[in-house]
Amino acid sequence: MSFDEEWAAERSAAAARVSMRLNQAPGGGGPGGGADLKVRQDHLGALGHAAYELHGRLLKDGKHAGGDTAEAASGLSRSGFRTGAAMAEVNDTWTSQLGALLDACAHISNHLDYSAAAHAKDDDEIRTALAVSRISEYFK
1 MSFDEEWAAE RSAAAARVSM RLNQAPGGGG PGGGADLKVR QDHLGALGHA
51 AYELHGRLLK DGKHAGGDTA EAASGLSRSG FRTGAAMAEV NDTWTSQLGA
101 LLDACAHISN HLDYSAAAHA KDDDEIRTAL AVSRISEYFK
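The sequence shown begins at 1 in the numbering used here and counts up one residue at a time.
The hints are simulated quantities; they were obtained by calculation from the structure and are not laboratory data.
Errors might be hidden in some of the hints.
Quick list of the computed label-pair ranges, beta carbon to beta carbon [said to hold, decoys possible]: (1) A13 x R40: 38 to 44 Å; (2) K121 x A100: 44 to 50 Å; (3) T95 x A46: 27 to 33 Å.
Please read all numbers here as calculations on a predicted model, not as lab measurements.
The beta-carbon is built from N, C-alpha and C at its ideal position, and this holds for glycine as well.
Could you build all of it, start to finish, from the sequences and the hints given here?
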């Protein structure tokens, strides 16, 4: 059997395994099993807090080597090494990606705080509406 034939056979076997996995509903009452959306305030709070803590650690430690890296890149460039420009580019990319990650962590933390408050407000409104509807039963 040639490499191309063996490769084609392996690809079709892998595609069959993936399609079988993706085309099958999970058994039992797990995700997608018809359960209603359930939001627990403690879960939202824990996730928001983890994102907040990660943001703080990244803010403190993410720029730890930035100054030394920039200085090394500058020194290498002055000495005529092309590695200096590459190191400066890596440092710039790291700084950019760190900023994006910090923004994402802040967004997640803020959004989960908002979501927890919004869900708590919705729960209170539903409780109030149910209580009022039960009271109205007694006035009929």
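Structure-based check of all given hints:
1. A13 x R40: 38 to 44 Å: holds, 42 Å
2. K121 x A100: 44 to 50 Å: Given a distance of about 31 Å, which is not inside 44 to 50 Å, the answer is violated.
3. T95 x A46: 27 to 33 Å: Distance hint for T95, A46 holds at roughly 30 Å.
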